[in-house]
Amino acid sequence: MSTAAPSAAPIVALTEAAKHFGPVRALDGVSLSISPGDCLGLVGHNGAGKSTLVNVVNGGLAPTSGSVAFPASGAASALAAGVRSVFQELSLCPNLTVAENLRISHSALKGMNWRAPARAEIRAALDQVFPGHGIDADAPVDTLSIAQRQMVEIAIGFAPRGTEARLVILDEPTSSLDAGIAEQLLSHIKQFCARGGAVIFISHMLGEIFEVATRILVMKDGKVVAEKPAGGFTRQGLVDAMGHVATEAAAAQAARAQGEEVLHTPEGLRARKGEIVGLSGLAGHGQAEALARLYLGATSSWRSPREAGMVFVAGDRGRDGVLPLWSILRNASISILPQIARRGMVDRTREAEITAEWKARIGIRTDDVTNPILSLSGGNQQKVLFARALASAAPVVVMDDPMRGVDVGTKQDVYAMIRAEAARGRTFLWYSTETEEVCQCDRVFVFRNGEISAELTGDEITEERILEASFEMEGA
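Residue 1 is where the sequence shown starts when you use UniProt numbering, and the numbers rise one by one after that.
Think of the hints as simulated: they come from the structure by calculation, not from any bench.
For glycine and all other residues, C-beta sits at the position ideal for the given N, C-alpha and C.
Keep in mind that a hint or two might mislead.
[Claimed, not checked] As a list, the in silico SDA-like pairs of lysine to any residue whose alpha-carbon atoms are at most 25 Å apart:
#1 Lys223 with Gln412
#2 Lys411 with Trp114
#3 Lys110 with Pro131
[Said to hold, decoys possible] Taking CB as the label site, the calculated pair distances span:
#4 Pro324 with Pro131: 14 to 24 Å
#5 Gly74 with Glu463: 43 to 53 Å
#6 Ile340 with Pro395: 15 to 25 Å
#7 Thr370 with Pro131: 41 to 51 Å
#8 Met112 with Leu296: 42 to 52 Å
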């Protein structure tokens with residue numbers, strides 16, 4: 001909680017701000033002010049209007065009606081007022097180094113000798129937010145893990161860049177970070193607000209919201225439906241305020257299916273038919289690489305089978321998941337085309353029927369599945385990737401941290417779908433950076449230094465056992 005006294009002049013003030021995209025009211029008359037010392041927790045289901053709100057605040061979108069002002073500074077723009085944004089969809093240039101990416105947003109770095117101060121500034125920012133980060137300022141971004149890229153993007157958001165940051169918008173900032181690194185960020189947020197900065201914190205991890213927020217704002221259908229000091233909400237009260245998006249009753253939890261072993265890798269990763277197998281451990285210790293080797297080994301064939309044996313749900317959807325030039329329909333249906341083709345021709349009617357069914361089952365927020373995939377919010381794009389995988393007939397589903405950016409209500413719906421599919425004999429391999437998710441699995445392999453350090457089943461699957469296996473325990 002912040003100890004800074006709020007200024008009489010807010011950093012930003014919205015008055016009846018609205019944003020319409022044709023008939024869609026993405027933001028519907030929101031009034032809001034954020035003062036120094038505030039940490040506003042912003043929650044709501046995917047498509048509730050959170051991204052539109054912050055884009056109006058940061059100047060990325062002009063409101064259709066209403067106003068946005070910056071009273072504390074009197075600035076005419078969000079940039080001049082010290083508003084910074086760190087989005088869930090990373091915007092770093094992969095072919096540039098860490099320091100060169102800082103230079104893009106730092107107009108004061110000019111002349112022939114800008115590299116040395118750029119290196120010094122990004123190192124200082126990384127050291128302040130993520131002590132012991134180990135990231136080289138001269139490393140090309142495409143050589144970094146997704147967690148390291150997110151750390152760099154966050155550090156750039158807080159870096160001075162010629163003028164001090166006054167309001168930093170963080171959209172799902174911990175989605176690729178393990179628990180230890182996430183805790184470093186949350187600690188920095190509290191310090192930043194205590195010094196008089198302000199933060200808009202968007203997260204579907206309610207524990208993080210309650211840890212850092214001074215007040216919480218709940219959005220639904222483009223409107224603010226609840227706003228209180230953080231202490232005025234309970235977890236269940238917050239979930240109830242968000243409402244529920246599932247259009248079908250969730251499938252009942254089923255007992256773990258028993259079946260024959262369907263895979264066993266040389267490194268010791270194995271799974272049985274109907275089993276949900278989790279991969280855990282600190283981020284960057286080989287879990288994603290193990291899944292990639294498994295999936296590519298099973299699917300890299302010049303001749304595509306009519307029914308694939310394995311399907312993949314990406315966590316880094318921008319790099320490994322969505323096809324950005326295609327529609328929602330085409331992105332969702334690509335996995336089932338061989339199944340619905342007749343003499344090499346796709347049955348478009350059947351394709352539309354299956355896509356509509358999964359749109360309803362998983363709650364994809366769109367009026368028209370022929371819209372571009374990029375018209376959806378990040379969380380709804382992730383739902384399309386789930387629909388693509390679950391609509392296929394593949395008996396094994398490989399999931400690489402797939403819940404990044406998915407709201408808490410939808411997570412519960414997807415968990416139930418996964419459990420129901422497993423009860424019907426489908427096998428899931430699920431890497432997650434969230435221990436809470438891993439603890440829902442039937443079997444868990446904990447990775448450390450690129451190898452499996454522990455295999456846990458049943459009652460052994462606890463946060464304590466996973467953490468114990470994640471760290472190399474040294475005796476006195």
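Each hint, compared with the structure:
1. At roughly 23 Å between alpha-carbon atoms, Lys223 and Gln412 fall within 25 Å of each other, so this suggested pair holds.
2. For the proposed pair Lys411 and Trp114, the alpha carbon gap of about 45 Å is over 25 Å, so the pair is violated.
3. Restraint check for Lys110 and Pro131: the C-alpha separation of about 28 Å exceeds 25 Å, so the hint is violated.
4. The given range of 14 to 24 Å is broken by Pro324 and Pro131, whose C-beta atoms sit roughly 36 Å from each other.
5. Distance hint check for Gly74 and Glu463: the Cβ-Cβ separation is about 49 Å, which falls inside the suggested range of 43 to 53 Å.
6. Taking the beta carbon of each, Ile340 and Pro395 are about 18 Å apart, inside 15 to 25 Å as hinted.
7. The hint said 41 to 51 Å for the Cβ distance between Thr370 and Pro131, and at roughly 48 Å that hint holds.
8. Checking the proposed 42 to 52 Å range against Met112 and Leu296 shows it holds: the Cβ atoms sit about 44 Å from each other.
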